[in-house]
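Asker: Put chain B on the given structure of chain A with help from the hints.
In the order they appear, the protein sequences are chains A and B.
Residues in the first sequence are numbered consecutively from 1, following the UniProt record's numbering.
Residues in the second sequence are numbered consecutively from 1, following the UniProt record's numbering.
Derived by calculation from the structure, the hints in this document are not laboratory data.
Being a predicted model, the structure only gives us computed values, none of them experimental.
Any given hint might turn out to be false.
It does not matter which identical chain is meant; a pair holds if it fits inside one copy or across any two.
Here are the simulated DSS-like pairs of lysine-lysine, each with C-alpha atoms no more than 30 angstroms apart in a straight line [unchecked claim]: (1) K234 to K414; (2) K312 to K387; (3) K5 to K312; (4) K234 to K313; (5) K234 to K244; (6) K312 to K176; (7) K99 to K5; (8) K313 to K5.
Protein chains: 2
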Amino acid sequence: MTERKVTAELAEWVVGLKGSDIPESVRAEGVRTFVNWLGCAVGGADHETADAALRAVMPFSGQRTSTVIGRTEKLDALHAALLNGITSHVLDYDDTHLKTIIHPAGPIASALMALAETRPMSGYDFLTALVIGVEVECRIGNAVYPDHYDRGWHITGTAGVFGAAAAVGHVIGLNKQQMQWALGLAATQSSGLREMFGTMTKSFHPGRAAQNGMFAALMAEAGYDSSEQGIEAKRGWANVASTKQDYDEILGELGTRWEAALNSYKPFACGIVIHPTIDGCQQIREEIGARVADIASVHLRAHPLVLELTGKKTPRTGLEGKFSVYHSAACALLRGDGAPTAFTDEVVTLPEIIDLRDRITAEANPACHEASVDITVTFKDGTTLEKHVERAIGSLERPLSNEQIETKFVNQAKLVVGEEITRNLLALAWKIEELNPADIAAASVPAATRAVE
Amino acid sequence: MTERKVTAELAEWVVGLKGSDIPESVRAEGVRTFVNWLGCAVGGADHETADAALRAVMPFSGQRTSTVIGRTEKLDALHAALLNGITSHVLDYDDTHLKTIIHPAGPIASALMALAETRPMSGYDFLTALVIGVEVECRIGNAVYPDHYDRGWHITGTAGVFGAAAAVGHVIGLNKQQMQWALGLAATQSSGLREMFGTMTKSFHPGRAAQNGMFAALMAEAGYDSSEQGIEAKRGWANVASTKQDYDEILGELGTRWEAALNSYKPFACGIVIHPTIDGCQQIREEIGARVADIASVHLRAHPLVLELTGKKTPRTGLEGKFSVYHSAACALLRGDGAPTAFTDEVVTLPEIIDLRDRITAEANPACHEASVDITVTFKDGTTLEKHVERAIGSLERPLSNEQIETKFVNQAKLVVGEEITRNLLALAWKIEELNPADIAAASVPAATRAVE
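One chain only, chain A, in its complex shape:
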């Protein structure tokens, strides 16, 4: 057992940090994290999952201060944090801290944005808090990963609540003891099971982490006390919820090693294991142009996990399409698409997609690593084309450029709020550090949303 006062030392760092203590390069990654989050929140705003959640929370909402990003409804800040956490995750299109598979921004940015509309803060302070929240969340995740995740906890929810508490606690100016209480209140609310994957409840996790983390900070501010060693105590969170506890991951090189700089952004709206295949098929499409019509068959060789997780031969719905490497490859070859538009009920059942999909085969190759794939295309004239993808676009080795993040933003958001609002919102998003965050939230609102029944 450690003798280090993990919660106390972490709290001290969080409350003492100034925006200027964060290196420019880390802040720049924070801006990319914010832009990517905002595009995903708009992109998921009209999903039926958001409609269902809104039906439940509307009768209980307090003063409607805070925007449901990309919709016309407003809610109190706690419920808005929940909704924005849900929408930003529901398309499986958000950001990824690859060391822990945490999707960092959802719990943090969703809480901060909802709060910013009722307790004004500068965009500069917003971004500082966002970076701090991501840092706390990913460091706490590192301390228990992979044991905690393997046990069955959805780490985006369980670690996310700490990040949200730290981010909100920082921006509202908690003192060190209050921050310890906030982390304790976060620890005691940490939850979310991987069993929920494949249901609406998966995206409930980052939403609830945002809401509960914010609530932890607000309770601490109000003088509601808690354990001051909620993370590391004998019966604290790390010991109860994990068999691994590496506290150096939490406290080591604080302020010099930045997990927040290691965020990545999904180029495709599906699980990360299909990404190399979609990437390779898009490259092939670029190279062969009209010869796409001459493809006779396609053969994939990938890590066994790819087929285990995404081996659906005949998906019937858009959601099932996300778990079909065959559909994903066909759609990338025929349409160049891996965005949410590739995973609609309509596209999954298009005859030309099904026709090509049925001519795609795949085999598990244990020699492949998870991030690579080998693709063989055979044309009708018998000629073949080989494509090897070593690291997919979106990985740390091949990060999305700012332009690619913009394209992703526009392609998903315009379907929900239209091109004009999307372009304006995107321009504002890059300038978060100079603007009032509340103005950005307001700029996400469409002229009208389909009303929730």
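Answerer: Only chain B this time, still in chain A's reference frame:
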């Protein structure tokens, strides 16, 4: 691993049960559970813990439909459930399911009462739902106790959320599939760490369980789906949060074996291990009358756990007094008191209490079981008196009578809302099955509460 569909079978039982399926004796215990809960919620209503929670939630409350029991403030039903769960537990004076140390009523009754003020239900249906909730909560607790508790989970929170979801889901008429979703949403919110004991966050647990369980049912009603095997799946709650899973405890003899009939009610406002000592000292006081003034010394022989948990020799505050077997014995001998009035800052520092307390010694006797004590009183004339308590009052062997529950109710509630409101409320509480629960909530409101800053 079990092949039984635990969540599905439990959900089917919960949705199908009628009030008349519950034996009269079990319903009668349910009424006692309700009366005891209501007295505790009033008794804790003016605690500083409630004040702090109210400061945090007031700015976010929705439509103020629901009473904070024993206070003038109203909140939306979700936040009222949180507050009532906190107040009913904060004095450590509530009910106990002795097999699991779950305090059953807090998560369930707090949710139902808050809901009843916005979605009217009969008192008969309220009581049916209360019994169902307690039954589900305690059965789920049995399935994982003691491993889950030993691991560090505060089982009143972690199992309570299931009970609240089942109770609310039953009373709002969820169908079987929706009930499975509600249990899944409960599973994924199940949380609460024992590390928080000794802080305000301990009573946050039953409060949050009430609020989250209610929310789980409301989300399911709105069509928010979830896993349909949230309890027993490979990565479901029981496997993730416990090393023991005995599903017969959940499904065995449903409708014939009633855990809800095994509830017990604390006669004293402190941890259950001191109860035999207080009981014995009160008996001695009755027997010796004025000779209390002639006591020279007192010696206690009790289970080692008693001294481990409550061995504080010189408590300085009322809260510390709850963890001092010495103070508790002195107060029982001199004042006959084990109610919340025995654990105030004032009483703990009274010179005559301290004088006797300092002449009380204790030794751990591993031969004693946890529920027993041996007390030796030595008088100034050298004579001695021996008292053995085999089972304390309040245990299943010596349950509180209805009259004793009434005395407990009156003695704590009158300090908060006055004697007149207390007597009227108590009379209504016993008639819960014939009344509108909302009228009972309204009858708990005092003329004025000290305003929350």
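Asker: Now, for every hint given, state plainly whether the structure supports it.
Answerer: A quick look at each hint next to the structure:
| no. | hint | result |
| --- | --- | --- |
| 1 | K234 to K414 | neither (50 angstroms within a copy, 40 angstroms between copies) |
| 2 | K312 to K387 | within (23 angstroms within a copy, 73 angstroms between copies) |
| 3 | K5 to K312 | between (48 angstroms within a copy, 25 angstroms between copies) |
| 4 | K234 to K313 | between (48 angstroms within a copy, 25 angstroms between copies) |
| 5 | K234 to K244 | both (13 angstroms within a copy, 20 angstroms between copies) |
| 6 | K312 to K176 | between (51 angstroms within a copy, 29 angstroms between copies) |
| 7 | K99 to K5 | within (25 angstroms within a copy, 35 angstroms between copies) |
| 8 | K313 to K5 | between (52 angstroms within a copy, 28 angstroms between copies) |
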